[in-house]
Amino acid sequence: MRRIYLDYAATTPTHPDVVAAMLPYFTENFGNPSTIYSYGQEARGAVEEARTSVAALIGAADEEICFTSGGTESDNYALCGVAFANEDRGNHIITSVIEHHAVLETCKFLETRGFGVTYLPVDKYGLVDPDDVRKAITPRTLIVSVMHANNEVGTIQPLEEISKITHEAGAYFHTDAVQTVGHIPVDVDKLGVDLLSMSAHKLYGPKGIGALYIRKGTRLASFLHGGEQEKGRRAGTENVPGIIGLGKAAEITRAELECEALRLTGIRNKLISGILESIDNTSLNGHPDRRLPNNVNVSINFVEGESILLNLDLEGICASTGSACSSGSLEASHVLLATGCPPPLARGSLRFTMGRGTTEQEVDRVLAVLPGIVARLRAMSPLLKNRG
Amino acid sequence: MTRVYLDNAATTPLLPEVREAMLPYLGEIFGNPSSLHDWGDGAREALDEARARVAGLIGGSPEEIIFTSCGTESNNFAVKGLAMAQPARGKHVVVSAIEHFSVLHSARTLEKWGFQVSEVPVDKYGLVDPAAVKKAIRPDTVLVSVMHANGEIGTIEPVKEIARITRELKIPFHTDAVATAGTIPVDVKELGVDALSLAGSQFYGPKGSGALWVKKGVRIMTLLDGGIQEGGRRGGTENVPAIVGLGKAAELAAARMDARIKQLTPLRDRLIRELPASIDHVIVTGHPRDRLPGNASFCVEFIEGESLLMLLNSRGIAVSSGSACTSRALKASHVLLALGLSHAIAQGSVLFTLGLETAAADIDYVLENMPPIVDRLRQMSPLYAKFTKSGKGGK
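The listed protein sequences correspond, in order, to chains A and B. Heads up: the first sequence runs through residues 29 to 416, numbered per our numbering. Heads up: the second sequence runs through residues 21 to 415, numbered per our numbering.
These are computed hints drawn from the structure, not numbers from a lab. Where hints are given, some of them may not hold.
Cβ-to-Cβ under 10 Å is the rule here; a few derived chain B residues that face chain A [to be verified]:
| id | residue |
| --- | --- |
| 1 | ARG23 |
| 2 | PHE50 |
| 3 | ILE185 |
Subject to a maximum C-alpha distance of 20 Å in a straight line, what follows is the list of computed DMTMM-like cross-link-like pairs (lysine to aspartate or glutamate) [what the hints assert, rightly or not]:
| id | chain 1 | residue 1 | chain 2 | residue 2 |
| --- | --- | --- | --- | --- |
| 4 | A | LYS298 | A | GLU332 |
| 5 | A | LYS218 | A | GLU139 |
| 6 | B | LYS132 | A | GLU139 |
| 7 | B | LYS132 | A | GLU286 |
| 8 | B | LYS132 | A | GLU115 |
| 9 | A | LYS218 | A | GLU286 |
| 10 | B | LYS111 | B | ASP68 |
| 11 | B | LYS132 | B | ASP160 |
| 12 | B | LYS351 | A | GLU256 |
| 13 | B | LYS236 | B | ASP68 |
| 14 | B | LYS155 | B | ASP143 |
Keep in mind it's a predicted model, so treat the numbers as computed, not measured. Beta carbons: idealized from backbone N, C-alpha and C, even for Gly.
When you get a sec, could you build the whole thing from the sequences and use the hints?
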């Protein structure tokens with residue numbers, strides 16, 4: 029059976045060219061870049077080249093890129109880093125209720141350390157209202173963190189407006205751009221961000237590597253303490269093959285991004301309208317236009333998302349109900365609940381996320397099997413029977 | 021040109037077998053292990069297998085292993101996470117003076133958060149006295165962290181004896197075993213510790229891989245908050261290829277440990293014996309016997325270690341002056357100063373760390389090339405001129 033992978037938001041396959049670029053750094057060029065002899069200097073040179081590629085992808089300067097172990101570390105670092113370095117200036121943090129858990133859980137931790145956190149609501153499309161930021165912000169606000177695009181429903185936030193308001197109030201602005209970097213244009217100056225998190229394995233790079241963009245002049249306490257790596261900002265022997273892989277992935281996605289976004293938008297729209305038209309009692313989650321080119325998230329009433337997933341899996345189609353990071357937990361998505369989606373509908377959510385390997389034929393296949401699966405499940409559903 | 025790599029403490033090359041084991045996870049088995057569909061299954065099974073192998077290397081249980089991104093993260097996690105997990109008990113932490121910076125700087129961060137930190141000194145060999153640890157412990161002590169062995173001077177610490185004290189007082193004891201796990205036998209039960217850090221890049225596994233072992237029942241706060249990976253103890257999509265590589269490296273290290281030790285120890289002993297014999301005013305640092313099998317560390321008087329490194333590098337020999345993590349800082353090593361060595365002597369530090377690829381010919385090459393280099397440097401050294409003039413020594 030041909031398998032169809034439609035869970036690119038969980039992780040993407042590592043691009044073959046990325047793997048090829050990494051391989052020499054596993055064995056022959058294995059040096060520790062912090063050492064001063066030639067083995068180390070070869071690794072150092074490669075790390076700096078990768079830094080340039082990553083910086084170019086988001087319009088940053090090389091020295092503003094700090095490599096981390098992934099998006100989660102970048103988010104933890106950004107929030108803790110600003111909070112602990114600026115305690116003399118305030119103790120307030122603003123974020124949104126639909127952030128990734130890496131941001132939300134870090135905020136919860138900071139609450140235990142005496143910081144106050146305002147969690148902004150979102151509208152039915154998952155949008156944060158910039159006016160809400162304006163109302164919540166105070167002179168004691170240290171940082172505002174709003175994600176660039178939501179990993180579950182794909183909604184793209186109005187960052188330019190939010191960052192403007194944030195800066196007027198003298199606070200730093202952080203965005204979790206794990207879902208957007210490499211997928212849609214991201215320019216740190218245009219967006220007006222001071223800190224931006226990204227992760228390699230969401231853009232055809234390897235797992236275990238990410239970066240935090242740190243605008244020059246940002247007061248940030250380091251997160252991993254130890255050696256002098258990354259100019260003293262992130263201790264730990266550099267993951268050289270990982271960094272090389274991220275650099276290569278940045279280079280590839282930068283070249284392909286525009287065409288790929290256009291292509292995927294077409295396929296995405298076909299899948300959305302196909303589902304909504306062929307299955308009744310379904311609704312689109314997230315914003316109709318302000319959404320990631322590769323994200324489809326629908327609620328299918330009267331069925332459990334998990335049951336649909338299992339049936340799709342039997343057909344060789346792989347999708348998800350939401351974030352992979354919490355898929356073991358079987359709780360209704362905090363993102364969908366925040367958009368006002370009733371819990372039963374939230375449990376019937378289904379996310380398809382597409383990527384480089386996705387073809388129109390694959391989407392046709394989904395549209396061919398999904399209505400039958402839903403009809404079968406609904407026939408057995410107590411939810412539907414109760415409805416009378 | 022001959023190239024001799026003698027800086028295996030900085031990082032080790034990846035073994036071909038480890039690379040082979042990792043490759044499928046950079047290719048077809050790319051799934052996110054948290055995904056419920058079968059793309060996730062292959063990755064999840066690989067994680068379980070790697071976890072069992074890493075646990076096997078140190079005598080722990082698989083569910084006690086938390087994968088991290090490196091030794092530094094493991095140490096940050098252990099020191100901050102264990103210290104902050106017992107707010108009711110107190111805010112005092114005991115560490116040794118020669119810990120790796122990832123432990124010492126984490127302790128310094130704890131100080132900013134209202135903790136007090138006691139640094140236990142070491143003797144001239146770099147040994148921590150268990151009695152001194154006992155003396156430093158207070159009723160509000162929530163953590164003791166003493167490394168298993170020091171990577172710069174090779175000294176192996178009396179961790180078992182220290183654990184006897186902490187166990188009696190019911191204080192969590194963490195050991196940084198980055199320099200020992202995969203290199204010499206490490207058994208968490210025998211050592212009696214509560215938490216232990218290790219890193220893959222130290223034993224022919226990949227960079228970007230590490231683990232923290234935490235004994236079942238010991239409370240720890242998370243460092244990386246986020247998803248529910250690693251049993252909710254460490255957020256972040258698992259670095260599957262690196263974890264698989266760490267597992268493979270652990271398996272190989274366990275199987276080949278005796279042979280590796282037998283290979284390295286005589287080569288190390290030869291360096292320790294013959295280098296001071298062929299160059300005047302060379303001090304062996306670290307313990308004469310209780311030291312890592314691949315570690316030969318020295319201070320060469322009247323020269324700058326960095327100049328020595330550069331000249332050795334020009335002869336194709338890669339060594340270091342201490343920890344790679346601080347090599348750019350150009351400060352005298354805190355470890356050497358803690359041994360009681362002067363700044364001037366500590367500046368002349370040179371560290372050889374031998375590995376699987378080290379052969380007798382490499383040691384020959386060092387013994388042949390280093391004395392003339394040291395001579396040349398001393399000819400240019402005002403310190404040496406002053407010393408020979410004063411007639412206190414010299415040839």
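Status of the hints after comparison with the structure:
1. ARG23: Nearest chain A Cβ about 8 Å off; hint holds.
2. PHE50: holds, 4 Å
3. ILE185: Since chain A brings no Cβ nearer than about 26 Å to ILE185(B), farther than 10 Å, the hint is violated.
4. LYS298(A) to GLU332(A): Distance ~23 Å between LYS298(A) and GLU332(A) Cα, so the pair is violated.
5. LYS218(A) to GLU139(A): Violated, because 31 Å separates the two Cα atoms, which is more than 20 Å.
6. LYS132(B) to GLU139(A): Cα-Cα ~17 Å, so holds.
7. LYS132(B) to GLU286(A): violated, 47 Å
8. LYS132(B) to GLU115(A): holds, 11 Å
9. LYS218(A) to GLU286(A): holds, 17 Å
10. LYS111(B) to ASP68(B): violated, 36 Å
11. LYS132(B) to ASP160(B): holds, 17 Å
12. LYS351(B) to GLU256(A): holds, 12 Å
13. LYS236(B) to ASP68(B): Distance of about 17 Å is within 20 Å: holds.
14. LYS155(B) to ASP143(B): Distance ~16 Å between LYS155(B) and ASP143(B) Cα, so the pair holds.
Of the numbered hints given earlier, the model fails hints 3, 4, 5, 7 and 10; all others are met.
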